[in-house]
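Take each chain as given, in its own frame, and dock them per the hints.
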Amino acid sequence: MPIHEKSLIRPENLQTNDHLVIDGVDVSGHWSTFIKPRTITDYNEAMEAVIWALPGGENIHRCWQCGSCTNACTVHAIEPEFNPRYWIYLIRQGLEEELLRDKDIIWQCVSCNKCTYACPRDVVPEGVMKATAHWLELKGHTAKSPSTHFDEGFTESVLATGKIEEGRVLRSFFKRTGQPLNQPWLVALVGGLIRRFPLAFLIRLGWGTVFRPRTRGWRKAGRAIEDYVQERQAAQRLALRLDGKGATDGRQ
Amino acid sequence: MDGNDLKRVAYYPGCALEGTGHAYNRSTKEVGKALGLELVEVKDWNCCGAMEVKNVDPQVQTYLSARNLAIAEDMGFDTVMSPCNGCYHNLKKAEYDLAHNPHAAEVNDRISRKAGHKTYQPGGVETIHALDWIRDAVGEDELRRRAMGKLAGLKVANYYGCMYTRPRHIYPEKDKGPGSESTLNPHFMDDILAAAGAENVDFPLKTACCGGAHSLSDSDTSTKLVLNILTTAEACGAEVIATECPTCHTGLEMHQVRAEKVLGRKTNVKILYFTQLLGMALGMSASKVGVQENMSDPSELLRAKGLG
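Protein sequences appear in the order of chains A and B. Counting the first sequence from 1 gives a position; this note's numbering is that position plus 1277. Counting the second sequence from 1 gives a position; this note's numbering is that position plus 260.
Pulled out of the complex, with its shape left as it was, chain B reads as follows (with noise of 0.2 Å):
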């Protein structure tokens, strides 16, 4: 990221950010307005793969993702900034695979030409999280200029999830010690919502899986993977869990629902994206980060905690 200029970025946000993950979208760009910070969304952008697609065929997921990528950088930009672990993970898979893998950059080749556009060469843009882009492009000294405290009180588990740090090979900038994210004990969240105030909690499982890929196709599964992250927040004392990607956390909500209709075992942490909480800390009311579709209703706990 170094020289990039973060305060205008190409802004991929994926097909789960205009659907169930709706709320993440609007927090993400009423947090971006509010620091100042300008999105521009790649045009006409196509799904990155997710976590099917490769399963069909890798390659085809390395060419949906370097589609977008190419078209980020016909529009000039040299950062395209995803909120979403999955898309944020394909993307940086598909820079890795293309530069790595000959078979993989063969294809992407031959598919584009196909398909009428300019084939996508490695190097060309580099994509970053939307933890990386509001820790580098803002900075924790004037996120705690701008929140003033306003989370204080409010007790955190910050939850990444799988796709933000592994597999670790294609995070190339991460573990280059102080000042750079960590794959095997990620902070970058930690540190935003500690400048804004909040008391995160100490938590073992922030790079635990939620079953996400097998939310629907195997719900045993993933309801015992969601509950033991929901019992470990609330064990460590969490009120919330902050969560970064729209599939871990629908996957949250939904099995903590399902998790007290089939296996009845109620929870009662509440799971907000760490934009929404960003938002309200820079003085939004909840309804303006979406608060309203988070299906775990966390508004008595805001309203306690005089946030939103």
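Isolated chain A (complex conformation) (with noise of 0.2 Å):
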């Protein structure tokens, strides 16, 4: 069948034939581009139902498909590969090898709800979004994204004084992924503030590393928070019949 939508297929299941004749018609040129017929036999049918299991992906099942999601993406917009119609399709059937080819870019997703706002049936694809990234990663099909880093050191500093304090929040990112912290663009803003006000930028800089923010009396809270998290990651690994190790670190 010739298509027009070439940018949903992938280009090695297209075929282009510069001269072709079918029942004595000529079709060469725009009309001949054709989808391969291919036969597939591995599929994963377990996929729906461990997505749907994980933090986020509980309503995958209601998806019909209609593309709203993909039409208001935020990062679809500037990234034409990133496609959540098409992921949550390959998911309910099972189409695990197809989707490991975009498992680098799934975890983009900036969670800016525009896709839950335009969902008429409720999919939450922005939760899909996650529990897909973190599936990805629990089966060691990626490294841990950086966004993982982010949130784990984040959420680290969060269980052990009940807030966080950005500039340490920062360090630790950027110690966890292993970058320098003196990118040219960093350096250039923290310059700029202290080239207009030196003196009360850097006591508010320095106030916030010596004086740490804490939530007074939060011990027993963040106890109660670590024994919760530890038990559902069992519970998780558990269900994916994990060996508990999971993904890497990213930074072997």
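Hints were generated in silico from the structure; no laboratory data involved. In this text the structure is predicted, and so the values were computed from the model without any measurement. Certain hints may be false.
[Said to hold, decoys possible] Pairs of lysine-lysine residues, derived as DSS-like cross-links and limited to a Cα-Cα distance of at most 30 Å, are as follows: (1) B:Lys267 <-> B:Lys434; (2) B:Lys303 <-> A:Lys1497; (3) B:Lys548 <-> A:Lys1440.
[Said to hold, decoys possible] Some but not every residue of chain A turned toward chain B, in silico, with C-beta under 8 Å: (4) Tyr1366; (5) Tyr1394; (6) Thr1432.
[Unchecked claim] Which bits of chain B does chain A cover? Going by a derived footprint, with three or more residues having C-beta under 8 Å, they are: (7) 277 to 285; (8) 401 to 415.
Each residue gets a CB set at the ideal place from its N, CA and C atoms; glycine is no exception.
And the structure:
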């Protein structure tokens, strides 16, 4: 069948003929691009159930593929490969191998919730993206994404003190992802502030570093949350039949 | 908000307002004081979970937000005001989830008991945004009277970001027709600044995303998203982008610098919290509303407009 929406099909699944005559009709040129016929046998039929069981994936079964999510998507607008509708389709069909081709960009969802707003079936595609990115890491298909490193550093800080201090979160993130702190734009940013108001800025910076903000009486709450998180993570690993190692930390 | 006393509300600043969003904290308090509104900070508040904790576990985020609501209720308040979109969204979401998701309610109860405090029950307090607070406690007429057109001639693009309106279901009071906020085309900030005399430009990216969740972890995406917002605001004729969220504000400022350094794209539009603009409209100096803490230095523009 000739097709127009070539961008939706993987290039290797397309076949273009310079000269082609079908039943005596010359279909050379624009009309001679075809999707190659193929047979798929390696379905992962448990896949939808697995995503469904992870936080955020609860409503994936409701999707009827209208494409409102992709149409509304912030990331899709600047990166056409980012396609929530398509990934939900692949998960529901159990086409794991196909999904894995996009494994390195799924984490890039910015949680703007435009998809959730647009979805007529309350699928919460934003949650499905997070569940899928989480699953890719749990299964070891990808290393921990920069976003996961950020989330974990942030959460650690909240559990420890009840609050975060942005300088500390930033430093912890750069350390976790092995990036140097002296990024030219960061230097320009801080430099600009220091040039304008040296004393005020340095005092605020020093204050945050020396006096780490804390919530009074937080210890019991922090511990109670930690217990709960550990219990949940163990249950997830068990459900996914993982050995407890999960993703590597991406610094090897 | 019907019937609640908005002249004296519980105040939940959140972590960002003690750090990068310090100017927002300061200007919000100053504006409140000038308008005769009292803010009482939630005692021993904790982080609401921001955009990060839910990715580790959504129920933990619900608990974190609910703990703050429980304290506000204990202090005898029926309304808690949060100027940060992230905090506002999370407190609203906790309220919704506790009422609609039995699992979230069960986990919240379990952690609250272990932590040794009362479990928050939905319906205890109402969370409002700083925009609701000023608009409903003071009103546009009073603002108009007090500001006397001080922002006249200032062209403003009002930027609301994602979490003030999305997802729609956690904001049951919105989209209720005239007088209520719209999730598709929010206008409370427009209304407030227009009352203070500002000339709002027609800005199509009011609720576009700045990539704040990945400001650092996926900087290239954030820079592209922010650059689009900045250049569109300039194309619409705006001199200032008014913000109502510390994450959006810092994201816009940070990636304005990054776009210049990394992509060589310089933009000149200034970024100010709506409370900073409102404060100056009420006659405050630029330093009183913390303009010196803004990264995009607006002093020249403010001087030209006779502000601050």
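Tested hints:
no.	hint	in the structure
1	B:Lys267 <-> B:Lys434	21 Å, holds
2	B:Lys303 <-> A:Lys1497	17 Å, holds
3	B:Lys548 <-> A:Lys1440	26 Å, holds
4	Tyr1366	22 Å, violated
5	Tyr1394	5 Å, holds
6	Thr1432	5 Å, holds
7	277 to 285	holds (count 4)
8	401 to 415	violated (count 0)
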